[in-house]
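Just need the whole structure built from these sequences, with the hints factored in.
2 protein chains.
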Amino acid sequence: MAVTIKDVGKVANVSPSTVSRVLANHPKISEATKRKVREAMEKLGYHPNLQARSLVVKSTNTIGIVMPNSAELALENPFFPEVLRGISLKARESHYGIYLTTGASTDEIYQEVVQMVQGKRVDGIILLYSKTNDYIMDYLLKEQFPFTVIGRPFINAERITYVDNDNIYITKQITDYLLGLGHTRIAFVGANMEMVYTIDRLQGLQQSLEQAEVSFDERFVVYDTQLKNGMKEQFSKLLQDPHPPTAIVAADDFVAIELISYAEDLKIAVPEDISIVGFNNIIIGKYIKPSLTTVDINIYQLGVEAAKYLLQLLKEDDFVPRRITVPAKIVERKSCCRKTM
Amino acid sequence: MAVTIKDVGKVANVSPSTVSRVLANHPKISEATKRKVREAMEKLGYHPNLQARSLVVKSTNTIGIVMPNSAELALENPFFPEVLRGISLKARESHYGIYLTTGASTDEIYQEVVQMVQGKRVDGIILLYSKTNDYIMDYLLKEQFPFTVIGRPFINAERITYVDNDNIYITKQITDYLLGLGHTRIAFVGANMEMVYTIDRLQGLQQSLEQAEVSFDERFVVYDTQLKNGMKEQFSKLLQDPHPPTAIVAADDFVAIELISYAEDLKIAVPEDISIVGFNNIIIGKYIKPSLTTVDINIYQLGVEAAKYLLQLLKEDDFVPRRITVPAKIVERKSCCRKTM
DNA sequence: CTGAAAGCGCTTACAG
DNA sequence: CTGAAAGCGCTTACAG
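As they're listed, the protein sequences go chains A and B.
Okay, so the first sequence: first residue is 1 according to the numbering used here, each after it adds one.
Okay, so the second sequence: first residue is 1 according to the numbering used here, each after it adds one.
By construction, these hints were calculated from the structure, which means they are not laboratory data.
Check each hint, because a few of them may be wrong.
To be verified - Quick list of the computed label-pair ranges, beta carbon to beta carbon: (1) Arg323(A) - Arg338(B): 52 to 62 angstroms; (2) Arg219(B) - Gln206(A): 50 to 60 angstroms; (3) Ser105(A) - Asp107(B): 49 to 59 angstroms; (4) Leu239(A) - Asp107(B): 47 to 57 angstroms; (5) Tyr135(B) - Leu44(A): 58 to 68 angstroms; (6) Arg219(A) - Tyr223(B): 45 to 55 angstroms.
Built from N, CA and C at the ideal position, the CB exists for glycine as well.
Here is the structure:
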């Protein structure tokens, strides 16, 4: 049997209540008894049972993290470890633990979230993504359970605290950059229209083109659903257009790197024949040839802020929902150049 | 206030004990009352409080995962998400949750582990790494707390259930492969001697050389500590040897890709001038030029097995420690070729 | 087949 | 400054 507050009390000759109070470092306990009790704890190797504590104080000191479903290989990309590092930092500072969903499908995740919430496993939740149609977010909202999200909520954003890049703005910037290099036929490859950030980025792209009075070509948007038939095939199809794109904004660095690889196979030079930019600034982007021009969205900071505000929200009664914008910046390397023809 | 077992009992006109029993689907409760109680639950939107349950049954249905410290960028590489996918699968099947350490230093992690264990937050633990000198593992052993580890424990291996590749064998194989291509001066770059898998791989390399009666050159082992002064510098230093290596076994694909990049900068052709192999088979390895020859250590499966046996160990009283070996295989691509000179 | 009682290991008004 | 008592929401012998 584990040693309990009772055992400690017996050894220290005080009541369990007193032991509990020195545990909480209650100010009204005399230093003398505190010392006495602490010695007894030490001697017995006492450690509080957090479950029991949680049950009465109605708080677990742990935050739940909802990941996109692990069946999709979304996890292959380094977003997750990086965002987790950020969340960990803040959680640790406040002595919070981290509980993870493991679901492989949205339904499974939903079940787990209900369990976390109703089963009182966590005090608050961080949603690591924002989709257009998310009944998990709806549920949390309905239950008025504390949560923050990474990404802009598609609906009810005004009632939710979330952390996001300014995806519209940054994509407008990167498009302006390509425009500045003389490109006018710019494709967007790997669009997942369920994700709100894709919607925003696409809008940023369009805004940029509009402002430059360059027409936007719908055929130049390649959706991730199409990619499932083979990215290489879709890519070469894209290039067979009578007026093919001369620049590509890829959904992320992985897509960008894959495209660069296919370009080589197809004897198309990057960046001379086609310029390519990615998103996320994964480490490897620096080492491939040509090195990858990309947008650093500061994933770590996204995690830090999401955790920071969740913790704040948990503490303050009058917390008002807010939007936190994490700056993104263009990392210019060698995968883009001036349009040659 | 949340709805409790008492509320349900009141509505269904039964005692709380009975409600608890239908929750556990106790066989001796009549179908009639089961139905009645379930209706009441439904009506009230009842969900069991898992904390309360855990307190009495002394089991949390959650497993703790101890990561290498998040301060090191170890997490940048996709090992973590991938192993987590594997663990998740098994955890989910058995309705176990996942609790994560967040520590940035070994000491912090140790504190968290003690909390997890003593605070009764988890039923068992998976250690995601094995180091030569690990007081966390010692602690778990001393406490006789259930755990499995990914990687070979440096000591007490016979008392511990662990999942590992046969690192000696697979590295012997990959070295044999390089030997077969005519290479005799083979370097090992990025050795972290704290990690047991490095020790094993180095041994595999030596075994292969020994067997081929090729002498092993200590200077050809480049430690990660040296790498901190700049991998590029260490690499060019290595190549300035009067008899430089013609092949490199890199600690992982990241190191391999970085080396390939530096080789290009230094006007050294890969694989013509130097052959390079990595470990892990990260997705991107397929897309870089030259595509990367590597060892697929089957990270996902490592996670699956670690979770599977932890769960088994939690269930069975007479579980005996065992070693599970996950097969690794060489993925031959284009970063190695026959020695030219 | 079901209920009353005790208990899991804590915390926290209440009283002194 | 400290203790006795009640209670957090469950489970589980024990008894009938």
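Has the hinted range 47 to 57 angstroms been met by the Cβ atoms of leucine 239(A) and aspartate 107(B)? 55 angstroms, holds
CB of arginine 219(B) to CB of glutamine 206(A), is that within 50 to 60 angstroms? 58 angstroms, holds
Starting from the range 58 to 68 angstroms, see whether the pair tyrosine 135(B) and leucine 44(A) falls in it by beta-carbon distance. Because 22 angstroms falls outside the window, the suggested range is violated.
Is it true that the C-beta distance of arginine 323(A) to arginine 338(B) lies inside 52 to 62 angstroms, as the hint says? 59 angstroms, holds
Range hint compliance [Cβ, arginine 219(A) to tyrosine 223(B), 45 to 55 angstroms]: For tyrosine 223(B) against arginine 219(A), whose Cβ atoms are near 53 angstroms apart, the range 45 to 55 angstroms holds.
Given the hint of 49 to 59 angstroms, is the C-beta distance from serine 105(A) to aspartate 107(B) inside that range or not? This hint is violated: roughly 39 angstroms between Cβ atoms.
Of the numbered hints listed earlier, those contradicted by the structure are 3 and 5.
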